[in-house]
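Colleague: Everything in the sequence shown is counted per my numbering, starting at 1 for the first residue and increasing by one.
Read the hints as simulated data drawn from the structure, not as lab findings. We put the beta carbon where it would ideally sit given N, CA and C, even for glycine. Honestly, I wouldn't trust all of these hints.
[Unchecked claim] Okay, the calculated beta carbon distance ranges per label pair: (1) Ile103 <-> Thr26: 29 to 35 Å; (2) Asp54 <-> Glu83: 24 to 30 Å; (3) Ala46 <-> Glu122: 19 to 25 Å; (4) Thr140 <-> Gly64: 34 to 40 Å; (5) Val113 <-> Gly45: 14 to 20 Å; (6) Ala43 <-> Ala77: 23 to 29 Å; (7) Glu83 <-> Ala46: 33 to 39 Å.
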Amino acid sequence: MLRALLIVLLLTVSPVFAHDARDPMTPERVAQILLALDPDARAVGARAEMTLGDVPVTVFLDEGANRMRVMVPVASAEALSPEDLTRVLQANFDTALDARYAIAQGRLWSVFVHPLAELTREQLILGIGQTVNLAQSYGTLYTSGAQIFGQGDSGGIYSDLIEELLERGEAL
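Turn these sequences into a full structure, and let the hints guide you.
Modeller: Dropping the structure here:
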(Lines of atoms letter the chains of each structure in order from A and count residues from 1; the text may use other names and numbers.)
(Lines give C-alpha, C1' and ligand atoms only; values in the text may rest on other atoms or scores of the structure.)
Protein backbone atom coordinates (compact mmCIF):
# COMPACT_ATOMS: atom_id res chain seq x y z
CA MET A 1 0.00 0.00 0.00
CA LEU A 2 2.80 2.40 0.91
CA ARG A 3 4.63 1.60 -2.33
CA ALA A 4 1.49 2.34 -4.37
CA LEU A 5 1.04 5.63 -2.52
CA LEU A 6 4.65 6.60 -3.23
CA ILE A 7 4.17 5.87 -6.93
CA VAL A 8 1.08 8.08 -7.02
CA LEU A 9 3.01 10.87 -5.30
CA LEU A 10 5.93 10.53 -7.72
CA LEU A 11 3.56 10.81 -10.65
CA THR A 12 1.83 13.90 -9.32
CA VAL A 13 4.83 15.87 -8.04
CA SER A 14 7.07 17.12 -10.84
CA PRO A 15 10.72 17.85 -10.21
CA VAL A 16 11.99 21.26 -11.34
CA PHE A 17 13.79 19.74 -14.35
CA ALA A 18 10.81 17.66 -15.46
CA HIS A 19 9.14 18.00 -18.84
CA ASP A 20 6.03 20.19 -18.72
CA ALA A 21 3.05 17.93 -19.50
CA ARG A 22 1.53 20.80 -21.50
CA ASP A 23 4.43 20.73 -23.96
CA PRO A 24 3.87 18.42 -26.94
CA MET A 25 5.78 15.13 -26.87
CA THR A 26 8.55 15.10 -29.47
CA PRO A 27 10.68 12.32 -30.98
CA GLU A 28 13.65 13.73 -29.05
CA ARG A 29 11.74 13.49 -25.76
CA VAL A 30 10.61 9.94 -26.58
CA ALA A 31 14.27 9.05 -27.26
CA GLN A 32 15.32 10.43 -23.84
CA ILE A 33 12.67 8.35 -22.11
CA LEU A 34 13.50 5.18 -24.05
CA LEU A 35 17.21 5.57 -23.24
CA ALA A 36 16.33 5.89 -19.54
CA LEU A 37 14.42 2.60 -19.77
CA ASP A 38 17.07 0.83 -21.88
CA PRO A 39 20.47 2.51 -22.33
CA ASP A 40 21.01 0.26 -25.38
CA ALA A 41 17.87 1.49 -27.18
CA ARG A 42 18.61 2.48 -30.77
CA ALA A 43 16.86 4.55 -33.42
CA VAL A 44 16.29 3.01 -36.84
CA GLY A 45 14.58 5.54 -39.10
CA ALA A 46 11.16 6.45 -37.69
CA ARG A 47 11.29 3.71 -35.09
CA ALA A 48 13.25 2.84 -31.99
CA GLU A 49 14.18 -0.65 -30.87
CA MET A 50 14.87 -1.69 -27.32
CA THR A 51 14.84 -4.77 -25.12
CA LEU A 52 13.26 -5.00 -21.69
CA GLY A 53 14.37 -8.17 -19.96
CA ASP A 54 14.44 -10.49 -22.95
CA VAL A 55 11.44 -8.87 -24.68
CA PRO A 56 12.05 -6.96 -27.93
CA VAL A 57 10.09 -3.69 -28.06
CA THR A 58 9.66 -1.48 -31.13
CA VAL A 59 8.36 2.09 -30.86
CA PHE A 60 7.10 3.75 -34.05
CA LEU A 61 6.63 7.52 -34.33
CA ASP A 62 4.70 9.39 -37.01
CA GLU A 63 4.70 13.13 -36.33
CA GLY A 64 2.66 13.86 -39.47
CA ALA A 65 -0.17 11.61 -38.27
CA ASN A 66 0.46 12.54 -34.61
CA ARG A 67 0.71 8.86 -33.63
CA MET A 68 2.99 6.73 -31.52
CA ARG A 69 2.83 2.94 -31.42
CA VAL A 70 4.61 0.45 -29.14
CA MET A 71 4.71 -3.12 -30.49
CA VAL A 72 5.90 -6.43 -29.05
CA PRO A 73 5.71 -9.65 -31.10
CA VAL A 74 3.73 -12.39 -29.35
CA ALA A 75 3.08 -15.38 -31.65
CA SER A 76 2.46 -16.46 -35.21
CA ALA A 77 -1.11 -15.55 -36.24
CA GLU A 78 -1.36 -18.78 -38.22
CA ALA A 79 -0.90 -20.83 -35.05
CA LEU A 80 -3.84 -19.18 -33.24
CA SER A 81 -6.79 -21.45 -32.58
CA PRO A 82 -10.37 -20.14 -32.47
CA GLU A 83 -10.13 -20.41 -28.67
CA ASP A 84 -6.95 -18.28 -28.68
CA LEU A 85 -8.67 -15.62 -30.78
CA THR A 86 -11.65 -15.59 -28.44
CA ARG A 87 -9.38 -15.28 -25.41
CA VAL A 88 -7.37 -12.34 -26.79
CA LEU A 89 -10.60 -10.52 -27.69
CA GLN A 90 -11.88 -11.12 -24.16
CA ALA A 91 -8.60 -9.77 -22.77
CA ASN A 92 -8.90 -6.68 -24.99
CA PHE A 93 -12.21 -6.04 -23.25
CA ASP A 94 -11.26 -6.49 -19.59
CA THR A 95 -7.62 -7.20 -18.72
CA ALA A 96 -5.49 -5.67 -21.47
CA LEU A 97 -6.40 -2.08 -20.46
CA ASP A 98 -4.33 0.45 -22.50
CA ALA A 99 -2.35 -2.18 -24.42
CA ARG A 100 -4.18 -4.45 -26.85
CA TYR A 101 -3.65 -7.62 -28.82
CA ALA A 102 -3.64 -7.10 -32.60
CA ILE A 103 -2.89 -9.14 -35.71
CA ALA A 104 -0.72 -7.74 -38.51
CA GLN A 105 1.96 -9.06 -40.86
CA GLY A 106 1.11 -12.67 -39.97
CA ARG A 107 1.79 -12.13 -36.26
CA LEU A 108 -0.09 -11.57 -33.04
CA TRP A 109 1.24 -8.41 -31.40
CA SER A 110 0.84 -6.63 -28.11
CA VAL A 111 0.31 -2.96 -29.04
CA PHE A 112 -0.12 0.43 -27.35
CA VAL A 113 -1.20 3.33 -29.60
CA HIS A 114 -1.49 6.97 -28.53
CA PRO A 115 -1.50 10.46 -30.09
CA LEU A 116 2.15 11.56 -30.03
CA ALA A 117 1.88 15.25 -29.14
CA GLU A 118 -0.52 14.64 -26.25
CA LEU A 119 1.51 11.73 -24.83
CA THR A 120 3.02 12.21 -21.36
CA ARG A 121 6.11 10.56 -19.93
CA GLU A 122 3.96 8.50 -17.57
CA GLN A 123 1.64 7.36 -20.36
CA LEU A 124 4.59 6.28 -22.50
CA ILE A 125 6.25 4.35 -19.67
CA LEU A 126 3.00 2.74 -18.55
CA GLY A 127 2.11 1.89 -22.15
CA ILE A 128 5.46 0.19 -22.70
CA GLY A 129 5.15 -1.74 -19.43
CA GLN A 130 1.60 -2.84 -20.22
CA THR A 131 2.61 -3.90 -23.74
CA VAL A 132 5.48 -6.06 -22.43
CA ASN A 133 3.29 -7.57 -19.69
CA LEU A 134 0.51 -8.35 -22.17
CA ALA A 135 2.96 -10.16 -24.46
CA GLN A 136 4.51 -12.10 -21.58
CA SER A 137 1.15 -13.14 -20.15
CA TYR A 138 -0.19 -14.49 -23.46
CA GLY A 139 -1.40 -18.05 -22.95
CA THR A 140 -1.81 -17.60 -19.19
CA LEU A 141 -3.33 -14.45 -17.65
CA TYR A 142 -3.70 -12.30 -20.80
CA THR A 143 -3.16 -9.14 -18.76
CA SER A 144 -1.29 -5.87 -19.09
CA GLY A 145 -0.63 -5.98 -15.36
CA ALA A 146 -1.90 -2.47 -14.73
CA GLN A 147 -4.87 -3.84 -12.85
CA ILE A 148 -5.80 -7.39 -11.98
CA PHE A 149 -8.90 -8.31 -10.07
CA GLY A 150 -8.67 -11.09 -7.50
CA GLN A 151 -6.35 -12.09 -4.72
CA GLY A 152 -3.70 -14.16 -6.47
CA ASP A 153 0.02 -13.53 -6.75
CA SER A 154 -0.02 -12.45 -10.39
CA GLY A 155 -0.85 -8.81 -9.74
CA GLY A 156 2.44 -8.23 -7.96
CA ILE A 157 4.46 -10.00 -10.63
CA TYR A 158 3.14 -7.85 -13.46
CA SER A 159 2.94 -4.56 -11.55
CA ASP A 160 6.63 -4.93 -10.59
CA LEU A 161 7.71 -4.31 -14.21
CA ILE A 162 5.59 -1.17 -14.46
CA GLU A 163 6.94 0.13 -11.13
CA GLU A 164 10.52 -0.57 -12.24
CA LEU A 165 10.02 1.29 -15.53
CA LEU A 166 8.44 4.26 -13.73
CA GLU A 167 11.47 4.42 -11.43
CA ARG A 168 13.89 4.38 -14.40
CA GLY A 169 12.03 7.24 -16.09
CA GLU A 170 11.35 9.20 -12.90
CA ALA A 171 14.06 11.84 -13.35
CA LEU A 172 12.94 12.89 -16.82
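Colleague: Give a verdict on every hint.
Modeller: Against the structure, the hints come out as follows:
Our hint of 29 to 35 Å for Ile103 and Thr26 holds, since their Cβ atoms are close to 31 Å apart. Checked against the given bound of 24 to 30 Å, the beta carbons of Asp54 and Glu83, roughly 27 Å apart, stay inside it. The beta-carbon spacing between Ala46 and Glu122, approximately 23 Å, falls within the hinted interval of 19 to 25 Å. Between Thr140 and Gly64 the CB atoms are about 38 Å apart, so this pair conforms to the stated range of 34 to 40 Å.
Here the CB-CB span from Val113 to Gly45 is close to 19 Å, well matched to the stated 14 to 20 Å. Our hint of 23 to 29 Å for Ala43 and Ala77 holds, since their Cβ atoms are close to 28 Å apart. In this structure the supplied range 33 to 39 Å holds for Glu83 paired with Ala46, their Cβ-Cβ distance being about 36 Å.
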